[in-house]
Amino acid sequence: MFNKSIDIRDVIINGLLAGLISLSLSVIGLIALLSEREIISGLFTTGHIFLVGAPFAMAYVTAGKVLSEEKSKALGYGLLIGVVASVFIVVLTTLATFFDIRRFLVNVTPVLIEFLTFGKSLLIGNILIVVMMGVIGLVGAGLRILPEQFKHPLTSGLGWTIILGMFSEILASRIRAFFGRGVHKLIFTGKAFNVVSATILLVLIVGFTYWNDLRKKDQPEKEEVNDQTDGTKKRLQRIKMGVFGVLLLIAPLLLGTYLTEVTNNVGLYILMGLGLNIVVGFAGLLDLGYVGFFAVGAYVMGVLTSEGALGLGFTFWTALPVAVLASTLAGVILGIPVLGMRGDYLAIVTMGFGEIIRILALSDLLKPYIGGAQGVLQIPKPELFGLTLLHPRHIYYIILVGVLIAVYVSWRLRDSRLGRQWMALREDEDVAEAMGINLVSTKLLAFGIGAFFGGLSGAIFASKLSSIFPHSFNLVVSINVLSLIIVGGLGSLPGVIVGALILVGLPELLREFAEHRMLMYGILLIVMMLSKPEGFIPSKVLQRELHAHEEPEPVSSD
Amino acid sequence: MLQRFQNISFLDIALWALAAIIITVVIWGTIATIIDNPYNPQFWAETIVFGISQGSLYALIAIGYTLVYGVLFMINFAHGEFFMTGIITATIFLAQPMKETGFLDNYPIISLLAIAAVSILVSMAIALLTERVAYRPLRKAPRLVPLITAIGASFFWQYFFRGLYGSEVKPFPPFEILKGKFTIAGVPILKTHAVVIVSAVIMLIGLYLFVMKTKVGKSIRAVAENKDVAALMGINVDRAITITFAMGSAMAGIAGVLYALVFRQTHFFMGFIPGIKAFTAAVLGGIGSVPGAALGGFLLGMFESIGPALFLEGLGIPAPHQLKDVIAFTMLVLVLILRPQGILGERLAEEKA
Chain H
1 MFNKSIDIRD
11 VIINGLLAGL
21 ISLSLSVIGL
31 IALLSEREII
41 SGLFTTGHIF
51 LVGAPFAMAY
61 VTAGKVLSEE
71 KSKALGYGLL
81 IGVVASVFIV
91 VLTTLATFFD
101 IRRFLVNVTP
111 VLIEFLTFGK
121 SLLIGNILIV
131 VMMGVIGLVG
141 AGLRILPEQF
151 KHPLTSGLGW
161 TIILGMFSEI
171 LASRIRAFFG
181 RGVHKLIFTG
191 KAFNVVSATI
201 LLVLIVGFTY
211 WNDLRKKDQP
221 EKEEVNDQTD
231 GTKKRLQRIK
241 MGVFGVLLLI
251 APLLLGTYLT
261 EVTNNVGLYI
271 LMGLGLNIVV
281 GFAGLLDLGY
291 VGFFAVGAYV
301 MGVLTSEGAL
311 GLGFTFWTAL
321 PVAVLASTLA
331 GVILGIPVLG
341 MRGDYLAIVT
351 MGFGEIIRIL
361 ALSDLLKPYI
371 GGAQGVLQIP
381 KPELFGLTLL
391 HPRHIYYIIL
401 VGVLIAVYVS
411 WRLRDSRLGR
421 QWMALREDED
431 VAEAMGINLV
441 STKLLAFGIG
451 AFFGGLSGAI
461 FASKLSSIFP
471 HSFNLVVSIN
481 VLSLIIVGGL
491 GSLPGVIVGA
501 LILVGLPELL
511 REFAEHRMLM
521 YGILLIVMML
531 SKPEGFIPSK
541 VLQRELHAHE
551 EPEPVSSD
Chain D
559 MLQRFQNISF
569 LDIALWALAA
579 IIITVVIWGT
589 IATIIDNPYN
599 PQFWAETIVF
609 GISQGSLYAL
619 IAIGYTLVYG
629 VLFMINFAHG
639 EFFMTGIITA
649 TIFLAQPMKE
659 TGFLDNYPII
669 SLLAIAAVSI
679 LVSMAIALLT
689 ERVAYRPLRK
699 APRLVPLITA
709 IGASFFWQYF
719 FRGLYGSEVK
729 PFPPFEILKG
739 KFTIAGVPIL
749 KTHAVVIVSA
759 VIMLIGLYLF
769 VMKTKVGKSI
779 RAVAENKDVA
789 ALMGINVDRA
799 ITITFAMGSA
809 MAGIAGVLYA
819 LVFRQTHFFM
829 GFIPGIKAFT
839 AAVLGGIGSV
849 PGAALGGFLL
859 GMFESIGPAL
869 FLEGLGIPAP
879 HQLKDVIAFT
889 MLVLVLILRP
899 QGILGERLAE
909 EKA
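Residue numbers (my numbering), protein chains in the order written: chain H, 1 to 558; chain D, 559 to 911.
Chain H on its own, in the form it takes in the complex (with noise of 0.2 Å):
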């Protein structure tokens, strides 16, 4: 069963739903916006890689699924691929022409369509369509069936130029601002890689793969040589720390202000991310009501501080760890409710307690004490021995040092004997609960040290900000965070950190994207969920968790 080759019909169907998730993302108006993001100049677009990403990787899979002799076959197959999907494309181009179908569907804009004609008339655009996208199948099958030793090295040689083609724009201004005007104008245009700089990219990337692959082949003894040399290895880890440490500290010198600003937005997601990786990760009580913690942390923060007419008058250092005690507080009260409750029941009860939390500040109830809609302003920036520490990159070192303790708190309890209690609750409640394990002061320590981190993270963000709504501080925050540690690894520290970069850190980056982050997070958590429950950077012991319910793949009986 596994051997058997496809037959046309699956080749169509894959090709039918490749076309189908282009067409979708042209509708929904990604495509029209990443075409302003250019990638080589003048050439091509993100908006054309994510137009024929699909087909691509649909002819690359359909391929593999071909028997390896048949190589024509495969490719056939690629470019029918290419040519069936680019037919939903064609039908979107013909109708918008002829009907006005964007009264119904508003991002079928002229500007969609005239990047899908690539500016010519309906039928030579079409024309040109179904060829590129014919094409791009038969690229996608022949990457496929390229033997091993060149297949690697292309695909990464293609995939890093198009990645960092995206971030040509941040690329540019760093190289601009250490190298100069003249580098700048060698390398790009405009915002993006000129065509020459872009191949001889391309090329070194390439041939650095190729080369690389070629050393590890021939030498493979010289790794075991060097794990025997354990000191060596320590002393090199132990360099290479210290470089990430340097690093971490002038890091606002080398990143900029806006880039600084970006870290600060990654840095609070971590604190958060860290401190629901607790709660979900290592207790496994999936908590959807977290930014309730973040919000109660924030407010307490800005009354206490604030110096318009709600405030108390107290400094971000003496407001700090009542802002963090208060959400310590809120998370163990919070949790004394649901300490009976498992999986979903407990899910959807946090998310109305995270709900409340919200409509509470936002009611007219309170609005006397935390302002209601209009929220709390004029909150002041945190002050050090008589500096104000206004810029970026200020709150940045608060937020690193926050994110180090957290890092460390959590590292440290995850082997420690609570952190294994939190492992048995995680696996079997009442398995835990037998083994003696008091469920009560498990649970209430997980929410508790949970929203800690939740606090101290709205804390900052508070005065990081200099003034909170009640707006900020809805479910998609939760979701946010759940996301993040999910991408990550739920469990895993590491996991946590990249999570925070990838979600929170790429949006900010290609800003096109930052209105379609829902729906990535959407679909990101349900591929993860399908493929690869346990993150990016799993964490061990979840990995098998999860994956203990597959059964051994049955052996073929034709």
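Fair warning: there could be bad hints in the mix.
Computed cross-link-like contacts, DSSO-like style, restricted to lysine-lysine with a CA-CA straight-line distance of at most 30 Å [what the hints assert, rightly or not]:
| hint | chain 1 | residue 1 | chain 2 | residue 2 |
| --- | --- | --- | --- | --- |
| 1 | D | 698 | H | 532 |
| 2 | H | 540 | D | 698 |
| 3 | H | 216 | H | 540 |
| 4 | D | 776 | D | 698 |
| 5 | H | 532 | D | 785 |
| 6 | D | 728 | D | 749 |
| 7 | H | 217 | H | 65 |
| 8 | H | 71 | H | 151 |
| 9 | D | 882 | H | 367 |
| 10 | D | 749 | D | 737 |
| 11 | D | 882 | D | 728 |
| 12 | H | 216 | H | 191 |
| 13 | D | 698 | D | 773 |
| 14 | D | 771 | H | 65 |
| 15 | H | 151 | H | 216 |
Stretches of chain D that chain H covers, calculated by requiring three or more beta carbons in the stretch to come under 8 Å of a beta carbon on chain H [claimed, not checked]:
| hint | region |
| --- | --- |
| 16 | 694 to 700 |
| 17 | 831 to 844 |
A few chain D residues facing chain H, derived, Cβ under 7 Å [said to hold, decoys possible]:
| hint | residue |
| --- | --- |
| 18 | 569 |
| 19 | 572 |
| 20 | 651 |
| 21 | 705 |
| 22 | 706 |
| 23 | 707 |
| 24 | 713 |
| 25 | 721 |
| 26 | 724 |
| 27 | 874 |
| 28 | 877 |
| 29 | 880 |
| 30 | 887 |
The set of hints was computed from the structure by calculation and includes no laboratory data.
Ideal Cβ placement from N, Cα and C applies to all residues, glycine included.
Fit chain D to the given chain H structure using the hints.
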């Protein structure tokens, strides 16, 4: 739930005390309002009718949660989105163009039926697609996994439809024949509310009969009882689950039309809060039970509608209607503390909750 914490009676006491405090506050507020008597009977009658019509929407959506929970033991977080997708599509492609061409005013019944049909079909299509792609491969996965998938699906559909139709509120055209009100026993009832309540009750009874009396309904109940044994009895489990999703989302599609009739607008975010409320209703009535979901829906709608005026105002809370949503969530917590199996739930929620 309580046996699990037998050795720590402090917790039981705390939970019961919490419940007692909430109930006392509610009763206190009610008495204060009754003594104060700020409203006339007319107001209460209208509020109650509004509550019932709101409740019938919750009931229709709650059916979907309860059916799916019955067969898969999972909260289909995306169910509120099924409710939204149908009616928002019907509004954009049918209701608004029909209003412009005058068809809607000339043939209101046909228009309404067409809108309902499109709404149901789209809701069903979205539900079946979600089930096939996102839920089916995860039937045997640990329970956290499908739940997270469902959350992902919910946000995916919300923002996919936001991308399709844009983020602004889409007005749903009013029906001339549904304007005005008529009076039953001295209580004036808006015609729209009457339509909502009557059609919801008909749908609910129809669904109940379908589940209890037909062969397909029997197969769904068998799958809910035990999938493996049902499969051994020759029931196609996949098919039964697909039908369950189809029925639930059809109800959601109808609820969408009724919602649009009452509130005259649709929006990509409109499914979320009603979805959560409907889940609360399903838990309130006893999850897994069809009559329970209906009862829970009506009760929740009533509480939400009369609650702010009845007891929140008595407590001296300014602008009490702002706290409407708090009532639903507090009810959910109370139910889970006091009677986790719900009002009509038979099976103990122990294994599921």
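Verification of the supplied hints:
no. : hint           : verdict
1   : D:698 to H:532 : holds (15 Å)
2   : H:540 to D:698 : holds (21 Å)
3   : H:216 to H:540 : holds (27 Å)
4   : D:776 to D:698 : holds (23 Å)
5   : H:532 to D:785 : holds (26 Å)
6   : D:728 to D:749 : holds (22 Å)
7   : H:217 to H:65  : holds (27 Å)
8   : H:71 to H:151  : holds (15 Å)
9   : D:882 to H:367 : holds (17 Å)
10  : D:749 to D:737 : holds (6 Å)
11  : D:882 to D:728 : holds (24 Å)
12  : H:216 to H:191 : violated (37 Å)
13  : D:698 to D:773 : holds (26 Å)
14  : D:771 to H:65  : violated (47 Å)
15  : H:151 to H:216 : holds (16 Å)
16  : 694 to 700     : holds (count 5)
17  : 831 to 844     : holds (count 4)
18  : 569            : holds (6 Å)
19  : 572            : holds (6 Å)
20  : 651            : holds (6 Å)
21  : 705            : holds (6 Å)
22  : 706            : holds (5 Å)
23  : 707            : holds (4 Å)
24  : 713            : holds (4 Å)
25  : 721            : holds (3 Å)
26  : 724            : holds (4 Å)
27  : 874            : violated (10 Å)
28  : 877            : holds (4 Å)
29  : 880            : holds (5 Å)
30  : 887            : holds (3 Å)
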